[in-house]
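Participant: Single-letter residue listing:
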Amino acid sequence: MRNLLKILIVIAILAAVAGWFLTAPRPVSDDLFDGLTGDANRGALVFAAGGCRGCHVAPGDKSEGPALLSGGYRIVSPFGTFISPNISPSDAGIGGWSVADLGNALMAGVSPRGQHYYPALPYTAYQRMAPQDVTDLGAYLDTLPPSDVASQPHELGFPFNIRRGLGLWKQLNMNPDWVLAQAGTPELERGRYLVEAVAHCGECHTPRDALGGLDAGQWMMGAPNPSGKGTIPAIHPSKLDWSAGDIAYYLESGFTPDFDAAGGQMTDVVQGMAQLPAEDRAAIAAYLKALP
Amino acid sequence: MKTGITLATGLAFAATLGTAALSDGHADKAALAAVKARQATMQLYAFNLGILGGMAKGAIEYNADAASAAATNLASLSSMNQMAMWPPGTDNGALGDATAALPAIWNDGGKVMEAGMSLATASAAMAEAAGGGLDGLRGAIGAVGKSCGGCHDTYRKPK
Chain G
1 MRNLLKILIV
11 IAILAAVAGW
21 FLTAPRPVSD
31 DLFDGLTGDA
41 NRGALVFAAG
51 GCRGCHVAPG
61 DKSEGPALLS
71 GGYRIVSPFG
81 TFISPNISPS
91 DAGIGGWSVA
101 DLGNALMAGV
111 SPRGQHYYPA
121 LPYTAYQRMA
131 PQDVTDLGAY
141 LDTLPPSDVA
151 SQPHELGFPF
161 NIRRGLGLWK
171 QLNMNPDWVL
181 AQAGTPELER
191 GRYLVEAVAH
201 CGECHTPRDA
211 LGGLDAGQWM
221 MGAPNPSGKG
231 TIPAIHPSKL
241 DWSAGDIAYY
251 LESGFTPDFD
261 AAGGQMTDVV
271 QGMAQLPAED
281 RAAIAAYLKA
291 LP
Chain S
1 MKTGITLATG
11 LAFAATLGTA
21 ALSDGHADKA
31 ALAAVKARQA
41 TMQLYAFNLG
51 ILGGMAKGAI
61 EYNADAASAA
71 ATNLASLSSM
81 NQMAMWPPGT
91 DNGALGDATA
101 ALPAIWNDGG
111 KVMEAGMSLA
121 TASAAMAEAA
131 GGGLDGLRGA
141 IGAVGKSCGG
151 CHDTYRKPK
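Residue numbers (my numbering), protein chains in the order written: chain G, 1 to 292; chain S, 1 to 159.
Worth flagging that the hints you see were computed from the coordinates, not collected in a lab. For clarity, every value in this text was computed on a predicted model and none was experimentally measured. All residues carry an ideal CB built from backbone N, CA and C; glycine is no exception. Do not take every clue at face value.
[What the hints assert, rightly or not] According to the in silico footprint, chain G covers these stretches of chain S (three or more CB under 8 angstroms from chain G):
id, segment
1, 55-63
2, 146-154
[Stated by the list, open to error] Think about it this way: if two alpha-carbon atoms lie no more than 20 angstroms apart in a straight line, the pair counts; the simulated PhoX-like pairs of lysine-lysine are:
id, chain 1, residue 1, chain 2, residue 2
3, S, Lys111, S, Lys57
4, S, Lys111, G, Lys239
5, G, Lys62, S, Lys36
6, S, Lys111, G, Lys62
7, S, Lys157, S, Lys36
8, S, Lys157, G, Lys229
9, G, Lys289, S, Lys57
10, S, Lys159, S, Lys36
11, G, Lys229, S, Lys159
12, G, Lys239, G, Lys289
Go ahead and model the full structure; you've got the sequences and the hints to work with.
Facilitator: Structural data, given as structure tokens:
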């Protein structure tokens, strides 16, 4: 009897240690950004492709100049409401962050203090970003105007308010493999990089499972809007019959083939996509047409 | 005397109710007619934009006369006085699936007028540019698209 108790205690301790280990935040490797220098002009394009402005400017800010990234955008989800933080270069934002800090946030979802970020920041996509692009993005973010607006805490109930638990979520959902395993041409590779890593299209256009992870088996098949209002359309070729030219032109102009104009969050996406070189929009279109 | 006043008030009240009830059915019809008119306007925008956009993206061969005609149409349409097509109470909350127009159109202090003006301005610039060559048309269509998106973003219910 006493032996059994001892065994149970040992098992409990092992489980606790394993749990602690499994939920531990894991930053990216220290040397990932060694020797890289940021180019703010190139970073501006990464910023545009990533649609960072869409979530990180104040709600209703439709200005077109350098973005004031004071945050405050509310993402309503079944787990609670996430409120985008200030990421401007100020004490209230990400002023003073190193490139490694930015890389950890984007590619590992880990804060400079070593805590998990919630996947409202789409690091399951950004984990595939090129370290050079992260470095360039950092250089660009440093050129933007500072905002002193304090970031607001997310509005989450138990148990989702326990950040440590995100370690388990990451174990399930941090998959660095490409969804489109074979990208046979440089154009497809570029399109895959833009769609699956930087522009994080799947975050809205792919449905999620009960735990909020993307269902890769339904990649780009459309999804209910997590806010509960309306549906986000499928952009998989089995559901969307636009030509590659139609898709590229939509991303440039906001016009559908019927010359309806984009609305909702896609207006922000188009504003960014329109700034990219035409080859990038063509690459995204080629990627979408190539999905199996 | 007191009874007289009460009676008069009561009658007036009943009359008001009656009018409201009567005009309700009428209002429905009028509301739906307004919705139809503005949706038809949107379709005319889209039809003329289809010609301009088709040329811009290379799906249709550029033709100065056709471009100019479409752009002039667009400019005329967007400078039309549309007030009667947007009566209060014809939003998506009141009429459901008949319209995607959000209540914000009527209750954000007239900002929607600015959005409408930006379409008129961009279309006027397009009307100037469209007949003068494909590059001019391409240069002008971005602002038109932006003005469409500027309105849809805030005032149209997402699909």
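Participant: Indicate, hint by hint, whether the structure satisfies it.
Facilitator: Evaluated hints:
1. 55-63: holds (count 4)
2. 146-154: holds (count 6)
3. S:Lys111 / S:Lys57: violated (32 angstroms)
4. S:Lys111 / G:Lys239: With a Cα-Cα distance of about 36 angstroms, the restraint between Lys111 (chain S) and Lys239 (chain G) is violated, given a limit of 20 angstroms.
5. G:Lys62 / S:Lys36: violated (30 angstroms)
6. S:Lys111 / G:Lys62: holds (13 angstroms)
7. S:Lys157 / S:Lys36: holds (17 angstroms)
8. S:Lys157 / G:Lys229: Judged against 20 angstroms, a Cα distance of about 9 angstroms means the pair holds.
9. G:Lys289 / S:Lys57: Holds: Lys289 (chain G) and Lys57 (chain S) sit about 18 angstroms apart, inside 20 angstroms.
10. S:Lys159 / S:Lys36: holds (18 angstroms)
11. G:Lys229 / S:Lys159: Distance of about 9 angstroms is within 20 angstroms: holds.
12. G:Lys239 / G:Lys289: Given pair Lys239 (chain G), Lys289 (chain G) holds - Cα atoms ~11 angstroms apart, limit 20 angstroms.
Hints 3, 4 and 5 from the list above are not met by this structure, while the remaining hints are.
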